[in-house]
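Going line by line, the protein sequences match chains G and W. Quick note on numbering: my numbering labels position 73 of the first sequence as 73, and the sequence is numbered without any gaps. Quick note on numbering: my numbering labels position 415 of the second sequence as 415, and the sequence is numbered without any gaps.
Note that these hints are calculated values from the structure, not bench results. From a predicted model like this one, the values you see are computed outputs, not experimental measurements. Just to be clear, a hint being listed does not mean it is correct.
[To be verified] With a cut-off of at most 20 Å between alpha-carbon atoms, the simulated EDC-like pairs for lysine to aspartate or glutamate come out as follows: (1) W/171 with W/189; (2) W/322 with W/85; (3) W/282 with W/401; (4) W/198 with W/255; (5) W/281 with G/141; (6) W/384 with W/335; (7) G/282 with W/232; (8) W/252 with G/151; (9) W/253 with G/8; (10) W/88 with W/379; (11) W/282 with W/317; (12) W/252 with G/8; (13) G/64 with W/335; (14) W/88 with W/327; (15) W/219 with W/189; (16) W/394 with W/379; (17) W/51 with W/61; (18) W/253 with G/141; (19) W/282 with G/141; (20) W/281 with G/67; (21) W/145 with W/128; (22) W/282 with G/151; (23) W/219 with W/255; (24) G/282 with W/62; (25) G/64 with W/405; (26) W/282 with G/8.
[Unchecked claim] What follows is a set of in silico ranges between Cβ atoms, one per label pair, in the way DEER data are often shown: (27) G/291 with W/424: 39 to 49 Å; (28) G/13 with W/424: 39 to 49 Å; (29) W/171 with G/145: 47 to 57 Å; (30) G/298 with W/226: 40 to 50 Å; (31) W/281 with G/72: 26 to 36 Å.
[Unchecked claim] Pulled a few chain W residues facing chain G out of the computed Cβ check, cut under 8 Å: (32) 75; (33) 240; (34) 245; (35) 275; (36) 302; (37) 305; (38) 413.
Built from N, CA and C at the ideal position, the CB exists for glycine as well.
Each chain, letter by letter, is given below.
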Amino acid sequence: MFGYSLSDLGSIVVMQGFSGLSLFSVLLLMALGLAIIFGQMGVINMAHGEFMTIGAYTIYMIGKVTEQYFPAFLPYYFFFAIAAAFAIAFIVGYLVEYLMIRHLYRRPLDTLLATWGLSLIMQQIFRSVFGGREVSPNLPDWLMGSWSVSDTIDIPINGMVVMVVTLVVTGGVVAFMFKSRWGLKVRATTQNRVMAGAVGINTNMVDRMTFAVGCGIAGIAGAAFTTIASTGPTSGSQYIVDTFLVVVFGGATSILGAVASAFSIAQAQSILTFFLTNAMGKVVTLLVVIGILMMKPEGLFASKVRK
Amino acid sequence: MRMAQPTIEKGLHMKKRWKVNQWRRAVVAAMGVALSVTMADSIAAGPPTSKVNTTGLAVTDDTVTVGILHSLTGTMAISETGAQEAEKLAIDQINAMGGVLGRQIKFIQEDGASDWPTFAEKAKKLLENDHVAAIMGCWTSASRKAVLPVLERDNGLLYYPTFYEGLEQSKNVIYTGQEATQQVFAGLDWVAKTKGAKTFYLIGSDYIWPRTTMKLARKYIETVLHGKIVGEEYAALGSTQFGSTINKIRLKKPDVIYAAVVGGSNVAWFKQLKAAGITGKKQTLLTLSVTEDEAHGIGGENLLGFYSAMKYFQSLDTAENKSFVAEFKKKWGADAPIGDVTQAAYEGPWIWKAAVEKAGSFDTDKVVKAEESGTITFDAPEGKVYLESNHHLKTRLRIGEWRADGQADIVYTSDYIMPNPFPKGY
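Bound-form chain G, shown alone:
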């Protein structure tokens, strides 16, 4: 068929399938943090990409320290570093909410502008601290190779790691939102802030935690992406457009929507890019998204938004 052998085509189908799934987990991981913040609080966090960059630099820093002082630990440090990335992004998010966001809840358009300004400030801080050049985190060897299933099939190990991280984080978020007491408070506040306050929920605290958790998840995403993409002061801005695309398409308020939207966008883009050129793949995907949004402006899955 087309001058290619059947086994070749078979391998390509397998690898292409994996590549679509891998893109799906990347998109979902990017969008989760934003979806929580946007969905539960109605805050459009333009600095989302920079919280990812915090995660990426955390990996870089911890990698450096490990290399210097605990070289034997190098093959395993990555998982601890991911936890640290969550913690640091969480703390920064917590402070940002306290210092900035909470003063702007009644002015959603201003949060847009303020968080955009925040993203510029953060970029400049990264540049001043780490320098303008891109850095390459010292990633363990086992993470960067491929798993040769057969002669013609190679599955990227970093892709699998991102996938596992995405599964764990998504599972964690769902459990947090629907099984934990905190999740209950978050959902209550989303549905009716005044009523939630009346039954004794500290809604300010809920907001702060929600924002911080969203930022922490962005930190995890950034940490995971050091295995597949760049680490520099402006790396975060590479993701922000796709992130918004996934969240808006999925219906801003629903985690299930984010999953469905990431999956459909990833598969469409991956398959179209294979058969068309890179640019055309993206164009067609965007056109379809625009078309669907025109018919369903609230996205694939919409639920109740806080008024």
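Fit chain W to the given chain G structure using the hints.
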């Protein structure tokens, strides 16, 4: 200093006064020394200002001011950091040697902020408010194109360091990087000859430089090398997903992947190639867009065994280069990588100095005339370079094979290649 003295002393305790007096004496003495040094300098200096500067540039009896215009903020800061560092190093070294026409070079640095209209605005400020004698700057073609009309209107001088697509030659610009024909043809010859390459897969970022370069490459591969192009692909700037593209490449099995992906995409591209099992061991890949600067971000282990076509590599084993690398690291830190563009940026101030001295004047028209004489040369770290009358440098092309430590072994050096910014038939 003296004016402020009484008020300072009033507030001091008597006990401390003798200390202050002593300090003051030391300062006065130091100032005296400094003054006599500058006096001596200006006496030793070259021709009078009225002679070397007839167009109102910022030239005094002992200083001349130039501009440095690169992005210090925004996406391009990643790439432009090294260039402005090298320019400052060159200026320091020239000053230590006595300056240009007996004048010390001062510089005014402006931030283009990765934004092309800002570049134009800042160039205008440098030329019209500061009256700089020359500008070292720009990195992307887009920023150069934005600055060009300003330069031509105000008759300024720009020293542009990046390898670029060619198809341009302005009276007001000296291009110290290679234009496309210098970078593309010799590299393709090399890969066809040593690797017996017949089939090529072209991939680049989607903007003017990769597209023009690939157009030249396609024509050269098809008509001169009689090879075959099995795929041509452009990824959006900033795109980080190459999974599908890599699968296409696996299916087509090209002898050579010929790449010009830039910026953050470059990192993603090489990391994902490695993760897909496409490594230097199994696949020949020749790239036009990886210097030591990029290698720093990509990580040497992801580049191992791939090839870059550049005019300069930091590992170049010559005395000139070793002293350049040592000086650069002394000034900017041991970790600072030195790439092709950094070295080309270093050439800018030196070529300007040579041209000014040949012209005996800072006036743009006279400097340009000296530059177009075809006699300006410079013993650069990359080896001797010749400034041709078409404002580009005659240089060599080198092929470097990447090592795991982010440095390249030079495996091939071409003969000198004449710059040809307007190739016929392309």
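Evaluation of the provided hints:
no., hint, result
1, W/171 with W/189, "violated (32 Å)"
2, W/322 with W/85, "holds (17 Å)"
3, W/282 with W/401, "holds (14 Å)"
4, W/198 with W/255, "holds (6 Å)"
5, W/281 with G/141, "holds (16 Å)"
6, W/384 with W/335, "violated (27 Å)"
7, G/282 with W/232, "holds (16 Å)"
8, W/252 with G/151, "holds (16 Å)"
9, W/253 with G/8, "holds (11 Å)"
10, W/88 with W/379, "holds (18 Å)"
11, W/282 with W/317, "violated (28 Å)"
12, W/252 with G/8, "holds (10 Å)"
13, G/64 with W/335, "holds (14 Å)"
14, W/88 with W/327, "holds (12 Å)"
15, W/219 with W/189, "holds (13 Å)"
16, W/394 with W/379, "holds (12 Å)"
17, W/51 with W/61, "holds (11 Å)"
18, W/253 with G/141, "violated (26 Å)"
19, W/282 with G/141, "holds (18 Å)"
20, W/281 with G/67, "violated (27 Å)"
21, W/145 with W/128, "holds (19 Å)"
22, W/282 with G/151, "holds (12 Å)"
23, W/219 with W/255, "holds (17 Å)"
24, G/282 with W/62, "violated (58 Å)"
25, G/64 with W/405, "holds (15 Å)"
26, W/282 with G/8, "holds (17 Å)"
27, G/291 with W/424: 39 to 49 Å, "holds (47 Å)"
28, G/13 with W/424: 39 to 49 Å, "holds (46 Å)"
29, W/171 with G/145: 47 to 57 Å, "holds (53 Å)"
30, G/298 with W/226: 40 to 50 Å, "violated (58 Å)"
31, W/281 with G/72: 26 to 36 Å, "holds (28 Å)"
32, 75, "holds (5 Å)"
33, 240, "holds (4 Å)"
34, 245, "holds (6 Å)"
35, 275, "holds (3 Å)"
36, 302, "holds (7 Å)"
37, 305, "violated (14 Å)"
38, 413, "violated (27 Å)"
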